[in-house]
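These protein sequences, in sequence, are chains Y and S.
Per this note's numbering: the first sequence = residues 1 to 747.
Per this note's numbering: the second sequence = residues 1 to 160.
Hints in this document: simulated from the structure, not taken from any laboratory.
Please note that a few of the clues may not be correct.
Cβ pair distances, simulated, as ranges [claimed, not checked]:
#1 Ala35/S with Asp270/Y: 14 to 22 Å
#2 Ala35/S with Gly595/Y: 54 to 62 Å
#3 Lys16/S with Val692/Y: 53 to 61 Å
#4 Ala35/S with Pro64/Y: 21 to 29 Å
#5 Ala35/S with Glu176/Y: 50 to 58 Å
#6 Gln71/S with Pro684/Y: 34 to 42 Å
#7 Pro225/Y with Glu19/S: 46 to 54 Å
#8 Cys85/S with Thr468/Y: 31 to 39 Å
Some chain S residues near chain Y, calculated using beta-carbon distances under 7 Å [what the hints assert, rightly or not]:
#9 Asn14
#10 Ser18
#11 Asp46
#12 Gln103
#13 Tyr117
Quick caveat: nothing in here was measured; it's all calculated off a predicted structure.
The beta-carbon is built from N, C-alpha and C at its ideal position, and this holds for glycine as well.
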Amino acid sequence: MQSDSMADRFIGKSIPRKEGRAKVTGRALYVDDMVMPGMLYGATVRSPVARGRIRGIRYAQGIPWDEFTIVTAQDIPGKNCVALMLNDQPCLADQVVNHAEEPVVLLAHPDRYLLEEARRAVELDIEPLPAVFTIDESLARQQVVWGEDNIFKSFLVESGDVESAWGHAHLIVEGEYETGAQEQLYIEPQGMIATFTAEQGLTVWGSMQCPYYVHRALMTLLDLPVNQVRVIQTETGGGFGGKEEYPSMIAGHAALLARKSGKPVKIVYDRMEDMAATTKRHPSRTRHRTAVTREGKLLAMDIEFVVDGGAYATLSPVVLSRGTIHAAGPYFCPNVRIRSQAVATNFPPHGAFRGFGAPQSIFALERQMDQVAKVLGLAPEELRRRNFVKQGETLAVGQVVREKVDMAGLMERALELSDYYAKRKRFAEENPRREVKKGIGLASFLHGAGFTGSGERYLASLVGAEATPEGRVRVLAASTEMGQGTMTVFSQIAAEALGVDYDMIEIVQPDTAVVPNSGPTVASRTCMVVGKLVESAVLGIRQQLLSSGLLPERYTSEQFRQACRQFIENHGALKSSSEYSAPPGVYWDDDKYRGDAYGAYAWAVYVAEVSVDLTTYEIRVDDFVAVQEVGRVINPVLATGQIEGGVAQGIGFALYENVVWQEGQMVNSQMTNYIMPTSADLPPIRVFFEEVPYAHGPGGAKGIGELPIDGPAPAIVNAIENAGGVNVNRIPVTPEVLMEALEGVHA
Amino acid sequence: MPETQRVPIKLKVNGKLSELEVEPRMLLVEMIREALDLTGTHVGCDTSFCGACTVLLNGLPVKSCTVFAVQADQGEVLTVEGLACQDELHPIQQAFVIQHGLQCGYCTPGMEISAYYLLSKNPSPSEKDIRKAIAGNTCRCTGYQNILRAIETAAEMMRR
Ligand code: FES
Ligand code: FES
Chain Y
1 MQSDSMADRF IGKSIPRKEG RAKVTGRALY VDDMVMPGML YGATVRSPVA
51 RGRIRGIRYA QGIPWDEFTI VTAQDIPGKN CVALMLNDQP CLADQVVNHA
101 EEPVVLLAHP DRYLLEEARR AVELDIEPLP AVFTIDESLA RQQVVWGEDN
151 IFKSFLVESG DVESAWGHAH LIVEGEYETG AQEQLYIEPQ GMIATFTAEQ
201 GLTVWGSMQC PYYVHRALMT LLDLPVNQVR VIQTETGGGF GGKEEYPSMI
251 AGHAALLARK SGKPVKIVYD RMEDMAATTK RHPSRTRHRT AVTREGKLLA
301 MDIEFVVDGG AYATLSPVVL SRGTIHAAGP YFCPNVRIRS QAVATNFPPH
351 GAFRGFGAPQ SIFALERQMD QVAKVLGLAP EELRRRNFVK QGETLAVGQV
401 VREKVDMAGL MERALELSDY YAKRKRFAEE NPRREVKKGI GLASFLHGAG
451 FTGSGERYLA SLVGAEATPE GRVRVLAAST EMGQGTMTVF SQIAAEALGV
501 DYDMIEIVQP DTAVVPNSGP TVASRTCMVV GKLVESAVLG IRQQLLSSGL
551 LPERYTSEQF RQACRQFIEN HGALKSSSEY SAPPGVYWDD DKYRGDAYGA
601 YAWAVYVAEV SVDLTTYEIR VDDFVAVQEV GRVINPVLAT GQIEGGVAQG
651 IGFALYENVV WQEGQMVNSQ MTNYIMPTSA DLPPIRVFFE EVPYAHGPGG
701 AKGIGELPID GPAPAIVNAI ENAGGVNVNR IPVTPEVLME ALEGVHA
Chain S
1 MPETQRVPIK LKVNGKLSEL EVEPRMLLVE MIREALDLTG THVGCDTSFC
51 GACTVLLNGL PVKSCTVFAV QADQGEVLTV EGLACQDELH PIQQAFVIQH
101 GLQCGYCTPG MEISAYYLLS KNPSPSEKDI RKAIAGNTCR CTGYQNILRA
151 IETAAEMMRR
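Based on the sequences and whatever the hints tell you, model everything.
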């Protein structure tokens, strides 16, 4: 065994990033940096209307069309769909279009300028059909735009008996909350390069989170066997969910063009196309009806949660599921009913975005908690304190909280660090005299790490490890690095488990020809779930060395290296792999939609301080405190960076990021008119961790990536109410929204 | 299609003289990335907003996606590739690594160039100065916090 002095040499340390050097020197290669001999550029002709029947495609004069490779739905050798969950989304529209920007025709040419002219010269003759643009229209089913009833998925969660609780209530509070679409806005736009030859089949390089999603989609689309499709992740300039499912679409397009032209084809979106055509966060509407006792205890929560999925299902069923499970938050309530639906409209499909449904339902809940507190005459923190779930109690879906949890403690720390009590008092005194009002507000929440419900069990992720002849250990996983530090964290986990030097670990670039399917890089699962597999895979290597007698019980890095070399000399290879199995006692019932929804939760309390200018309606966040418990923190600097980045996106979600739609088309699809926070817009983001090691995570870690986007919006809007006395229930709170709300108050 | 005429230009990029013929419509960023194969300068928006394409042109930061290559004729350009001296990272680059001033790294080259310009004008910037100096460089990953720290650290290293 490794000696105690070796314990925790790497876990909990801020080891610098492995790939830092290539990125600061500009040498890291992103997909658009790659050029292949004879390469063509590809472009996509998209529907200008939201819903209609395609009558014809015309190629206008003045373009040398014979020089172009042209692909339509008729050129698809396999199944015309982007294989994902329900396989309802075509890769190229055929006969009908169901949303604006839906791809219809693909073009490729070596000259990019001419290609752009040609794209504009393709005329789609589409007979418009009535389209659906709101949740209410979709639910009313005047137009059925998807399936039989416009419903992608619905869930019902019931614990206790809500209906019989109303009669015992001291007070009942109702509220309705809305959140808008949000663009992921990774700074590197999406892109892919494909090559195709009869002998080697298809190879695709690109910016993506989930190589095996792309792999499966390409097999389906081109009707190719497993070994004829290879997917390689290039350096990826941010994803945030936006590169979870859409890359399969672009890869399919590049592949179709490459197959038809026989040449390598590169498709890289410009910002406008990327914003207008790719997925966004699901807009949502949540209705709450909450019953409380005289003592301020939650008695019943009746929640209706609806998300707008857009024209095709993409990942809406699972986004809805996560949003549903998080809708009742970190509280104990004996009677809960959550009814949720993902509905179809004629917007471009909404999809994965960090948080995955949870930021929407948590926004609603945390605003509702403040309303309930107000009606009860309690301070917001006091209502929460009286209702936090405790170890041994049960969450709405019937999950008993087995881990140690101390939400009240987290909250106390957050309130202290933000100087909450003093500020609340001071602002109340000073605000009547101030033109720019100050406010402070909080949100308390949880976020489940890993796939929801049985997701991880079905996925059965694999990770491999092998020793090299030089005595190094290579980790083979499909988890992608997109800035979150996956490679560094995996190296830390592996080095720690083996008790060897950090530099002896290599992480292999995700390439489906080389790495096994460790599942997608989503759902804050990489560190906790895949990291655990990394740990056991490398321990498998050590085990083989120990039982072969080549490695003593206590060893140095050099001895380990020697033993690897010797083993390979004797046996040819030294490999090990590990497959996911659920932690003991974790069980989810798909049919009843009850049980242990997640193996572990991260817990947090965030506090925002704002200034609200009642003349210009401008809102600024002046200070932000984020306190969380995410198990053991493997790399504090990386973890802090994840939280800071997530909070920044959450501030954008709350205040700035407004998608403007016109007839189902995004009309502000540029960074100049879709506003994301710059360095000048953001406050200091102060991040703190409580560490409670999680028994089933590698080195005690849980998931972290999504948590920070859940809390900012409700904390900020609660602060706005504290500042201006105005109840805003819709985000983003742009100056217009604030003005309307204030005039509503003063009218 | 009308054959577009090519224009000869001559400029110094990262200290090296380049003579090339470009189409008048070619953007500076295209010239840097495609003609000179310096792919550290990135394109994030092509509307002068994100700053991923920031380079110095004649000592001033410009968004190279909104400058034509011909406008750089007779000029001097500095890109991220020109920051390091051989294998020795520039203090700004070292500081970005040490302070984890990057996640996905896509914004990093533009950030570094803006930082380089700031520190050449103001060796001891306040946090506010830094926030202002990089307000034209957007980063979606970091929340800017570690970028501020990196630039502060670089300033310290460069003052030594
Ligand atoms: S690409 Fe030039 S500013 Fe964004
Ligand atoms: S590090 Fe990803 S955009 Fe800045």
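Given a hint of 50 to 58 Å, does the C-beta separation of Ala35/S and Glu176/Y actually sit inside it? holds, 56 Å
Chain Y contact restraint on Ser18/S - CB to CB distance below 7 Å: violated, 17 Å
So the hint says 46 to 54 Å: do the beta-carbon atoms of Pro225/Y and Glu19/S match that? The hinted range 46 to 54 Å holds for Pro225/Y and Glu19/S, with Cβ atoms some 51 Å apart.
Between the beta carbons of Ala35/S and Pro64/Y, is the distance compatible with 21 to 29 Å? holds, 25 Å
Taking the CB of Ala35/S and the CB of Gly595/Y, does the distance hold inside 54 to 62 Å? holds, 60 Å
Is it true that Gln71/S and Pro684/Y lie within 34 to 42 Å of each other by Cβ? With a Cβ separation near 39 Å, Gln71/S and Pro684/Y satisfy 34 to 42 Å, so the hint holds.
For the hint on Gln103/S, just tell me whether its beta-carbon gets within less than 7 Å of chain Y. holds, 3 Å
Status of the given 53 to 61 Å range, CB of Val692/Y versus CB of Lys16/S: holds, 55 Å
Cut-off 7 Å, beta-carbon criterion: hint that Tyr117/S touches chain Y: It is violated, given that the least Cβ distance between Tyr117/S and chain Y is near 15 Å, above 7 Å.
Restraint satisfaction for Asn14/S [CB to CB of chain Y, less than 7 Å]: violated, 11 Å
For Cys85/S and Thr468/Y, compare the CB-CB distance with the range 31 to 39 Å and indicate the outcome. Distance hint for Cys85/S, Thr468/Y holds at roughly 33 Å.
Let's test the interface hint: is any C-beta of chain Y closer than 7 Å to that of Asp46/S? This interface hint holds because 6 Å falls under the 7 Å limit.
In this structure, the hints that do not hold are numbers 9, 10, 13, in rising order.
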